[in-house]
Amino acid sequence: MGPIGEDQFFFLMQGLKWTVLLAIVGFIGGGIFGILIALLRTSKNKVARTITAGYIGVFQGTPLLMQLFVVYYGVALLGIDVNAWIAVAVAFTLHASAFLGEIWRGSIEAVPKGQTEAANALGLHYVSRMKDVILPQALKISMPATIGFLVQLTKGTSLAAIVGFIELTRAGQIISNQTYRPLLVFGIVGAIYFIICWPLSHAGSGLEKRMAKAAR
Amino acid sequence: MLNSAKDQPTLISLEDVQKWYGTFHALKSISLSVRKGEKIVLCGPSGSGKSTLIRCINALETIEEGKIVVEGQVLDGSTKSIDAVRREVGMVFQSFNLFPHITVLQNCTLAPMRVRGTSHADAERLARKYLERVRILDQADKYPAQLSGGQQQRVAIARALCMEPKVMLFDEPTSALDPEMVKEVLDTMIGLARDGMTMICVTHEMGFARQVADRVIFMDSGEIVEEAEPEVFFQSPEHQRTKTFLGEILAHH
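Listed in order, the protein sequences are those of chains A and Z. Quick note: to get the numbering used here, add 24 to the position in the first sequence (first position is 1). Quick note: to get the numbering used here, add 12 to the position in the second sequence (first position is 1).
This is chain A alone, in the form it adopts within the complex (with noise of 0.2 Å):
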């Protein structure tokens, strides 16, 4: 059994940097799209509607680690080097913008009716009564959720690690194998996701909390 010095916490701390990375990179790219599919899975186009409706569906149905190969082999498989970096920042973009969309659109169809008859009753366009109305309101509903998948996200970058990237769960099996000491690091690692993810979620059901009261 080796022992648990300065190197071996510095490694971990460089897995950790990833998994914030990819959490965060997910995070912003599925927002972005997520907005998108949120709004076109919302909108009036029949067409719009099914396609992300089926694009929902694929990556909910699926395992993210299934999503994770096929982005980064598949994409391979065309002839396109890509790095793992951003194989798997497309993956978790992918993945997350299918949750957050679902997420947001049930959110915007829980704002009621009356305040898009009244955006429209006052000559609004879809522009300003989405961006003005709608979508603030929205948010405001959707924040538990959102928060609660933001957890899932985070812990779900440790299956990075199977294109090769190391990051807090690959870092942790490193140090585990150079060791000896499995519980003693795979407690470190546990203990490091928990400091991340444990605020989130109290943040999530502290909010959940204030809304249920303000809604009475």
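Hints were generated in silico from the structure; no laboratory data involved. Incorrect hints may have been included.
Away from chain Z, derived, C-beta distances all over 12 Å, residues of chain A [said to hold, decoys possible]:
(1) Phe57
(2) Ser67
(3) Ala72
(4) Phe93
(5) Ala108
(6) Trp109
(7) Val135
(8) Pro136
(9) Gln139
(10) Leu146
(11) Leu148
(12) Val151
(13) Val157
(14) Ala169
(15) Phe218
(16) Ser229
Chain Z regions said to be covered by chain A (calculated; three or more residues, Cβ under 8 Å) [as the list claims (entries may be wrong)]:
(17) 196-204
(18) 228-234
C-beta: ideal position from N, C-alpha, C; glycine also.
Knowing the structure of chain A, use the given hints to seat chain Z on it.
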């Protein structure tokens, strides 16, 4: 009657309007014309089509047959015609429908800025003017949820007025209010009527109808059953359905 609207030009006209919800015939060949400055009260049992009727005037509902003209603009379903009509027609809803995430003042400035392209400063000036008029300027920086129902409805009236509409539609504006708040909203509406606003009000407030309306229209099962000046309407209604309805409504007043 507050002022004579008989010589004024026609502002709104409906010709033989038909509307179905699936197989349900919601509006049955409705014809109606409203002159500038006229105040119309629409009443009738629930489900009679009165709300549907006024919601057709600003294209919140589509019609299957017939013709609606507002200020010379035919509502033909095109975005252009809908925009043109909505610029001239203000609406107040039963459930207020204020935007809860922005302040009272922002509720009032949003549409003038986005639809008319009014500058922020001018929109605020306009908003303050109309908030003052509905006597609620002191609440301008609050959020809708911080106001009482009556106050919220007055803000909704001010919000509609900020677009300086030629016509105001009221869809049961006092039905969701606690009894003690009905008066403040009705007083605001009476004030508007005095200033010569053209108004179509769906309401069961018969006192308001007596005091303000040029014509009272009674609807039942999607049809206009009876149409008369308030005196005639309340004293000697012609149709049995109107008599029954008035009997039920006035029993509570």
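Next on the checklist: Under 8 Å between beta-carbons, do enough residues of the segment 228-234 of chain Z, three at least, approach chain A for the coverage claim to hold?
Outcome noted: violated (count 0)
Next on the checklist: Just want to verify: Ser229(A) was marked as not at the interface with chain Z; is every Cβ pair farther apart than 12 Å?
Outcome noted: The claim stands: Ser229(A) keeps its Cβ more than 12 Å from every Cβ of chain Z (closest is about 22 Å).
Next on the checklist: Beyond 12 Å on every Cβ pair: is that true for Gln139(A) relative to chain Z?
Outcome noted: violated (6 Å)
Next on the checklist: Using Cβ atoms and 12 Å as the threshold, tell me whether Pro136(A) really stays out of contact range of chain Z.
Outcome noted: Contrary to the label, Pro136(A) does not stay out of reach of chain Z, its closest Cβ about 8 Å off (not over 12 Å).
Item to check | Minimum Cβ distance from Phe57(A) to chain Z greater than 12 Å, as the annotation requires | outcome: holds (24 Å)
Next on the checklist: Confirm or reject: Val135(A) is not an interface residue toward chain Z, with every Cβ-Cβ distance exceeding 12 Å.
Outcome noted: violated (10 Å)
Checklist entry - Taking the closest pair, is the beta carbon of Phe218(A) still more than 12 Å from chain Z? => result Fine: 34 Å to the nearest Cβ keeps Phe218(A) off the interface.
Item to check | Minimum Cβ distance from Ser67(A) to chain Z greater than 12 Å, as the annotation requires | outcome: holds (15 Å)
Next on the checklist: Is the claim that Trp109(A) lies outside the interface with chain Z correct, judged by CB distances over 12 Å?
Outcome noted: Check passes; 38 Å lies beyond 12 Å.
Checklist entry - Closest CB-CB distance from Leu146(A) to chain Z, is it above 12 Å? => result With a cut-off of 12 Å, Leu146(A) comes too close to chain Z, as the shortest Cβ separation is near 4 Å.
Item to check | Minimum Cβ-Cβ distance from Leu148(A) to chain Z exceeds 12 Å | outcome: violated (6 Å)
Item to check | Verdict on chain A covering the segment 196-204 of chain Z, criterion of 3 CB contacts below 8 Å | outcome: violated (count 0)
Violated hints, in rising order: 7, 8, 9, 10, 11, 12, 13, 17, 18; the structure is consistent with all others.
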